[in-house]
Every structure is written in structure tokens, then in C-alpha cells.
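Enquirer: Chains as they are written, first to last, in our numbering: chain A, 1 to 363; chain B, 1 to 363; chain C, 1 to 363.
By construction, these hints were calculated from the structure, which means they are not laboratory data.
Warning: the hint list may mix true and false statements.
Copies of the same chain look alike in the list, so a pair counts if it fits in one copy or across any two.
Said to hold, decoys possible - Here are the simulated EDC-like cross-link-like pairs (lysine to aspartate or glutamate), alpha carbons at most 20 Å apart as the crow flies:
id, residue 1, residue 2
1, K354, D334
2, K115, E148
3, K337, D348
4, K343, D45
5, K328, E199
6, K343, E195
7, K196, E330
8, K115, D334
9, K43, E190
10, K196, D301
11, K337, D301
12, K354, D92
13, K6, E262
14, K196, E351
15, K115, E99
16, K196, D295
17, K337, D203
18, K328, E195
19, K354, E15
20, K43, E195
21, K43, E68
22, K343, E72
Quantities reported herein were computed from a predicted structural model and do not represent experimental measurements.
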Amino acid sequence: MGYTIKQIAEALGGEAMGDTSIEIDGLAEPGDATARQLALASKPDYAARLSAGAARAALLWSGADWREYGLEAAIFAPRPRFAMSLLTAMFDPGQGWAEGIHPSAIVEEGAQLGKGVSIGPLSLVASGARIGEGTVIGPQCHIGHDAEIGPGGLLREGVRIGARVRIGARFIAQPGAAIGGDGFSFVTPEVSGVEKVRETLGDRGETEAQGWVRIHSLGAVEIGDDVEVGANTTIDSGTIRPTRIGSGTKLDNLVMIGHNVEIGRDCLLCGHVGIAGSTRVGNNVVLGGKTGVSDNIFIGDNVITGGGTIVLANIPAGRVMLGYPAMKMEATMDLFKGFRRLKRLFGDVAELKKTVSNLPTND
Amino acid sequence: MGYTIKQIAEALGGEAMGDTSIEIDGLAEPGDATARQLALASKPDYAARLSAGAARAALLWSGADWREYGLEAAIFAPRPRFAMSLLTAMFDPGQGWAEGIHPSAIVEEGAQLGKGVSIGPLSLVASGARIGEGTVIGPQCHIGHDAEIGPGGLLREGVRIGARVRIGARFIAQPGAAIGGDGFSFVTPEVSGVEKVRETLGDRGETEAQGWVRIHSLGAVEIGDDVEVGANTTIDSGTIRPTRIGSGTKLDNLVMIGHNVEIGRDCLLCGHVGIAGSTRVGNNVVLGGKTGVSDNIFIGDNVITGGGTIVLANIPAGRVMLGYPAMKMEATMDLFKGFRRLKRLFGDVAELKKTVSNLPTND
Amino acid sequence: MGYTIKQIAEALGGEAMGDTSIEIDGLAEPGDATARQLALASKPDYAARLSAGAARAALLWSGADWREYGLEAAIFAPRPRFAMSLLTAMFDPGQGWAEGIHPSAIVEEGAQLGKGVSIGPLSLVASGARIGEGTVIGPQCHIGHDAEIGPGGLLREGVRIGARVRIGARFIAQPGAAIGGDGFSFVTPEVSGVEKVRETLGDRGETEAQGWVRIHSLGAVEIGDDVEVGANTTIDSGTIRPTRIGSGTKLDNLVMIGHNVEIGRDCLLCGHVGIAGSTRVGNNVVLGGKTGVSDNIFIGDNVITGGGTIVLANIPAGRVMLGYPAMKMEATMDLFKGFRRLKRLFGDVAELKKTVSNLPTND
């Protein structure tokens, strides 16, 4: 897994300087780097720690005086943050899993495995499932009946895919992700308290206690290409049609996608994001950690939310939102400033009332 | 799995019109329906899309002119939303699992399996466990030592039930649900900073750094009949007595129920709800997504909370709550309106102060 | 597992009174206790229920008149809450797992197991993994390639440890915990909307739609001694260096620790806490349930947050915080009071404006 500085610079589309024949077999922070590791120092702050490590070469920001840091070689990449994706892909040691079908894996009759598919120990691929070429299914995974996973995918340990789920190419799922559980959909024989509250915004009326009857989920889940799903994240099946995740969308850990939700392309949903049933999310949307979105609403393209945002109503395309309830980020930042001065405002008004009551009137 | 329009209408207790001999083997949204699928169009908006599909029959709202939509038959049900529960149950294809005990499943000596129990591939039923008649345990599940699951249950793939957990009839658990983990209960040898803060509401005093010593969970979990638990949801064991979930209560995905919590009957807890240790929740309570509830408090019967509500104190029965901190929904709606006008209020008060300081006084 | 009252009192460093030869084989709440269970009644309120149970002996608060409650024996412990940790450890029946390597477990060649290690049914220990002396790995666990777990640990069912993760002594992991998933780290070829918003705090500018490219996680996770991780909690691998959890720190269920995060010693992170990438948390920090912490910030030693706190900026050591956004607890408590009076404040200001506009001026 070793590369020369020259090879690395070429892979990054960057520039190499100094002794470009130095061989590198890993990446490190400047202070931790060994002689065979490339130190990552995209800012002067980071580079200052180079002397604490033993790096002979570093990735530096454009224009850095690499000799000054005692380096023998340097790589300059046009956008260092983007270079990280290429560098980490080059040096990723992976999970160390053996190729092929492990003898303890259960591949049921009628499952179709593409060329070069690997199935890890103690995994189950049910009848009718179709796994695309080169996809790697880790240990202790479950691929349900008639589910489909495209080529080039990677499922980490303990991933669960339910029956009839359809997933595109280059899918990545982290440990314990659960796709295709039943939706959380219940109904009462008569109109329920929740339905009354939604109509009246606050009055549950004289509704009687009733039991909940489940609505089954027949619709499974449909996932595009290049999607990644985080550890222990859950995506529920739709009721009649599939819950949908668009191509290029990435979900972090412990995210919850309700039944019938439709998410567009190239979205990022950070940790603990929850989207309630039947909500639609556009393309290129970024939802910050712990963002919660109500059911049956719509979030437009390119929307961004900050951490902890609670979305109770539709958001038009392009908005940057924050807060509970979600408002435009500037408005919420103003509100947060107001929070810090609210006590003083109460004092000011009390003072004013006193002053005004003592003023002469027109009487 | 096919039914005629006549059979379906009878099952729903509804009315059938037109060619009631048409056979149906699935459900679909109006625009997607094939000739053998029943289109679900409970509102005129949905029915407008019937022409885009090929449905010959639809479920319509009371009084709809079904012929106008080019249909050959129609079903009218008294409460269409409730009809969905019956319809989806009729047409649910399930997970496609084989019946019986899979040869790769491990059923330890001393486990008792009722009549017609199925145990999926790579599942473990520990010694002393008792599984009720007809319960289906999916692949890769874990049923702990001396645990009990009632009849007619369904455990999806990867469900984990700890030792001594007691579960009633018709239990449903979604993938990765974990019941009977140890509670999060730690204590310091001396009074801790957290205890001081709780007494003083804000001052942790001069508490020394101390290590945390665990309190073990001996109490397991007790779950009533007709309970459903969502994907990757966790319910912790009680310390001395069981954590309790009442009959008819449904938990969504990624819900967290702390140790010693007691939840009543027929509650709905939506995604990401968290209830801290020893809190009691009444009957028919509905907690919206991401609702968090402090430890050692009480939520009365019939309470409803909106999404994102943070409950820091007891809630009397029947209240509809929203916000952080939880207040009556109307009060929080008013507050949210105030948030949008707060900046202007600061401006108004500044203006008033200036005006008043320029007014003639009594001096 | 039986002990006499005398033995128990000695183990607690407490005092025994009455018939100290009574044998006890379990713990119970006062109202539920049998004759062979020690009733736990650390307050008069609890002791009042002793008559409803059949306890012959109880743990009481200092100075309680035990005979008054009809008891034959009593134990007085200096700090009853701390006594609970010792008592529950003494009487914990555990999960009832058999010792040794279960025949269905897969221990790959090159894995090193210490003396007395147990590996449960259907678990996998990959090549190069090292398990310390006496550690118990439950059923259906995954220990990745080259991972290391210290001595005296306990992994409940379905725990997932990724490749190269390093864990210290006496580690406890609850069901479904996932350690060492890949971090959620993506980059666009050009500057993204999120990066623009961070610079401008609200304006995403004219950024074009771009796909996300992943940054791989090469750094795994490093966990100290005496750490406990809750059910379905996830800890992501670092990018270049490990994500770090300090000794003595305890994580509750469904907690999410992002890549590159560093958490100090003896922290408590309650249910649904989420910490975004590269944030550092000091020692002895207690984060209440659902606390969310932004990426790339710093939380000082001894900080405590209340439930639902959203931390968007650094917190100095020793602060007690609450709210969204996180502010000092007293300030947020004042703010919450202001919330309840805000509607009236708007009314007061409107009234003042009217009054002032009717006052005589200097003109």
C-alpha cells in the first residue's frame, strides 16, 4: 500500500516538491507522523507541530515554505479538504475481511449473487435477493427476501435489509443500519385525540380512550445510487409505495426516516436527524445534527438547517434555517441575542410603566 | 392472495358498487395502480390521478361519483383511514420467511417453544426461555435466558431480548430493537456535582472529581399485550423491579426508555422519543417525535406532546403540550409568534425610552 | 447467591441490627419484598410500604426505628445510594450465559484470547483481534480484525467492534452498540453551500449543486479503562487519528459520538446525546439526555448540561448549562420564566405606546 510522493501528488492533481521518491504508507497528523507517513498540515497552525513528529513529507497549503519546516518533500493540492477524500481512499486499510462466501453464511436457494460478491460470516441472503457485482456484505448481515442491492456496495457488520428493498449501485451501510422495518402507522376505529388536536391546534376534546390498530407497510424502501447510511440508522418501509432516498444522499448515524418519506439527491442528514412519515425533502438539502422534521410537510431544494432545528412547517427552497421552531438563520440568531437581553427588557418595561404613570397627563 | 371487490368491501364493512367480481391482488396509489390493484383515493385530490394509472377499482370517499373517474367498481368505507389497517393487513406479503425452526438456529436445552413457533436462521433462544404459540422469531434474533414472549408475536431480524424479560401476546418488534439492556445508573462514593446541581439548580459547588460506580440492573423489563417496538429502539432493565410497558402501547424507531420507567396502556411514542429513568407515563399518551422527558417525573393520562417537546416537570392528565420547556400548546404557539416579533419589541421599547425621556415631567 | 444480613452489612461497610443471621437472596422494593429479600427503604416514604410486603429485613436510612416497621433485622449504610451499587453487584444474576467458547462462535486464526475468555453463540472474533483475560463476549457479537479489548470486559448480545479499535480493561457494552463505524465526513470538489453558510452565518450564496465525496476513516477508536457504552450507541472512527473516549466515562443508549471526537475521563453522557465531529469534551462532564454538541468545539472540565441542551459554541470549565442555545442554567431558567410572561410583555408595551402617544409633549 506504499506510494511515492510523486505518485500521490499525481493522484491528487497537485504539485510535488523536493525528494519525490520518498515512499509513504500512511497518513498522520503532523505531531504523530513517522518517517513513512505523510503529515497533513493544510494550515500554518498544524504545520507548527511538524517538528514534534518525524515526517519527511507533508501535504501543505498553497505557497507554504516547506523547507522551513525541515521537510524533505511536500505536496501542494489545489483544495486540501478535497484532497483528503483522495488520500484517505488511497490509504484506507479497510476491515480486513476475506473475499468470497464464508462457509457460515447462508445463501438461500434462489438468491442471485453477481460476480465477485463477498458474503461475510453468519450473514443471511434470503431467497429472491439479488446482489450486484463486487458488492461486499460483511458479517452477520441480513438481506431479506426479494431485496436488491446494486454493484460495488459495502455493508458493514450487522446491517439489516428487509424484504423487497431496492438499493442502487455503490451503496455503503455502516454497522447495525436497519432498512425496511415497518412504518409507525396506527389508526383508531374512531377519530383520535391526535387527529382532533391537529384540527384544533390544542384541544383534544372529549375523545374516548381507544386502542391503536396498525396499518401494515407493504411498500418497502427504494434507494438510489451512491447512498451511504450510518450506524444504527433506520429507514422504514412505505405503506403502499416505497419510502425513497435519492442518489448521492448520505445519512449519518442514528437517523430515523419515517414511512413514505421521499428524500431527493445529494442530501446530507447528520446524526440523530428524524423525518416523520410522508414528508418530502428536495435535492442538495443539508440537515444539521438532531434536526427534526414533522410529518406530511415539504422541504425545498438546497435548504440547510443548523443543529437542533425543529421543523414544524414547509420550508421553501434555498432557505438556511435554525431553531425551535425553525426560522431563517439570521432571525434565530437575532432571537438568541434577544434571549440574552430578555430579562433586562422586562426590567426596562417595568421601569417605563412606573415612569409613565408618574408623568403629567393631558387631564 | 387475491380477493374480489365484493370480498374486500365485506371485510371492511363497507359498500361495493359496479363489477364487484373484479379480482384484486394488491394496493396502489391512484397514479401507479395496475388493473389488478385497488387504487386508494380517499380524497378528490388523490382521485384526480386515477387517469394516470390503470386501476379498474378504487377505494373512494363517501359520496364520490366513481363512474366519473372511469372506474368499473368502487368501494366506500365508513372511515377510510381505518379501512387502511384492514386493507394493508389483507394484502401484506410479509417477510417471506420459511416456517419452523431453521437448522442454523440455536435453541438451548430447557427452552420451551409453543405450538407452531418459528425460529429464523442464526437466532438463539437461550435456556429457560418460553415462546408462546405461533410466535415467529426472525433471523439473527437473541432471546435471553428465562425470557418469556407470549403467543402470536413477530420479531423481525436482529431483535435482542435480554434475560428474564417478560412480554405478552401479539408482540411485534422491528429490526435491531434491544430490550433488557442494563440501565444507565451510576453513583459516586461521595455526593456528586449532578446531585448538587439538582439541589441548588445551577451551582455544582466545590465537588471533587470522582469515579462513577455502576448500579446493576436486576429488574428486567415487563411488556403487556399488543405492544410494538420500533427498529433499533432500546428499553432498559429496571434496577430492582421491572421497567414496564403497558398493553397496546406502540414505540417507534430509536426510542429510548430508561430503567424503572413505567408506561401505561395504549400510548404512542414517536421516533427519537427519550424517557429518562424512573419516570411514569399514564395511559393513552402520545409523545411526538424527539420528545424528551426528564427522569423521576410523571405524565398524566391522555397527554399529547408535539414534536421536539422537552418535558422537565410533571404534566397533569389531558394536557396538550409543545416546546422547550414544555408548555400548553396554545401558550407555546403564542410564544413562537412572539419570537418572530421579539426584535421589533426591543426596538419599540428603545423608542419608548427615548420618547419618554424627552417628555415633560412633573418637576 | 444467598448472604446473611451480617455479611451484607459488612460488604457495605454499614451496621447490622437485629437477627443478623437472616439469609437474603435478592433485593426488592418494600411493598414487593418476600421473606428472603432485602427491602430497600432509604426514606420514610418507601418504608411506609414495608407492611404491604413480607420483608423480614430492610436497608434503612440512618437513625430509622427499624422495629417500628415490624422488621426482624435492619442494615444502615453510610450513603444508601452508594450502597445500591454494592448491593446490586452482589445480587446480580447476570445473563445466564455458559462459560467458554461456544461451538457456533467463529474465532479466526490469529485471534488471541486471554485466559478464561468466553465467546457466545454465533459471535465472530476476526483475525488479529486480542481479547484480554476473563472478558466475556456475548452472543452474536462482532470483534473486527486487529481490534483489542482489555481484560475483565463484558459485551452483551450483538455488540459490534470494528477493525483496529482499542479498548481498555473492564469494558462493558450493552446490546447493539456499534463502535468503529466510518465517520460522516464528505466533501465537495468545490466550496459547498454549508461551508459558505459557516463563513457568512446564513447566506449559502450561489453555490452549484455538487455531489459529495467521502473522506475515509482510517483512525479507528481508542477507549480507556472502565468505560461503559449503552445499547445501540454508536462511536465513529477518526479520520487520521482515533476518536477517543477517556477512562471511566459512561455512555447511555442511542448516544452518537462523531469522528475525531475526544472525550475525557469520568464523563456521563445520557440517552440520545450527540457529539459532532472533532469536538473535544473535558473530564467529569455530565451531558443530560438529548444534549447535542456542534462539531469542532470544546467543552471544559466539570461542565454539566440539562436535558435537551443544544451546544453551539465552546463552554468554559465548570459551567452548568441548559437550553437552546445553551446558556448558564440560571439564565435559561430566567428565560423560561420570561417565556411564560412574554405575551403579557407585548401587551404592556402596546399599552405603553398608546399611553405615551396621548401624553402632552414639550412642543
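Enquirer: Could you run down the list of hints and mark each one as holding or not?
Expert: Against the structure, the hints come out as follows:
1. K354 <-> D334: Cα proximity of K354 and D334: none, with 28 Å in one copy and 22 Å across.
2. K115 <-> E148: within (15 Å within a copy, 34 Å between copies)
3. K337 <-> D348: both (16 Å within a copy, 16 Å between copies)
4. K343 <-> D45: Neither: 41 Å inside a chain and 39 Å across chains, both beyond 20 Å.
5. K328 <-> E199: Cα proximity of K328 and E199: across copies only (16 Å, versus 26 Å in one copy).
6. K343 <-> E195: This pair counts as neither: shortest intra-copy Cα distance 38 Å, inter-copy 28 Å.
7. K196 <-> E330: For K196 and E330, only the inter-copy Cα distance (14 Å) is at most 20 Å; the intra-copy one is 34 Å.
8. K115 <-> D334: Neither way: K115 and D334 sit 57 Å apart in one copy and 61 Å across, limit 20 Å.
9. K43 <-> E190: Answer is between; shortest inter-copy Cα gap is 18 Å, intra-copy 64 Å.
10. K196 <-> D301: Classified as between: cross-chain Cα gap 16 Å, same-chain 32 Å, threshold 20 Å.
11. K337 <-> D301: neither (29 Å within a copy, 26 Å between copies)
12. K354 <-> D92: Classified as neither; 70 Å inside a copy, 65 Å across copies.
13. K6 <-> E262: neither (45 Å within a copy, 34 Å between copies)
14. K196 <-> E351: Result: close neither inside a copy nor across copies, 43 Å intra and 36 Å inter.
15. K115 <-> E99: For K115 and E99, only the intra-copy Cα distance (12 Å) is at most 20 Å; the inter-copy one is 31 Å.
16. K196 <-> D295: Intra 16 Å, inter 29 Å, cutoff 20 Å: intra-copy only.
17. K337 <-> D203: For K337 and D203, the Cα distance is within 20 Å only across copies (19 Å; inside one copy 33 Å).
18. K328 <-> E195: Only across copies: K328 and E195 sit 17 Å apart there, 29 Å inside one copy, limit 20 Å.
19. K354 <-> E15: neither (72 Å within a copy, 63 Å between copies)
20. K43 <-> E195: between (55 Å within a copy, 17 Å between copies)
21. K43 <-> E68: Close inside one copy (14 Å), not across copies (69 Å); limit 20 Å.
22. K343 <-> E72: Close neither inside one copy (60 Å) nor across copies (57 Å); limit 20 Å.
The structure does not agree with the numbered hints 1, 4, 6, 8, 11, 12, 13, 14, 19, 22 stated previously, though it agrees with the rest.
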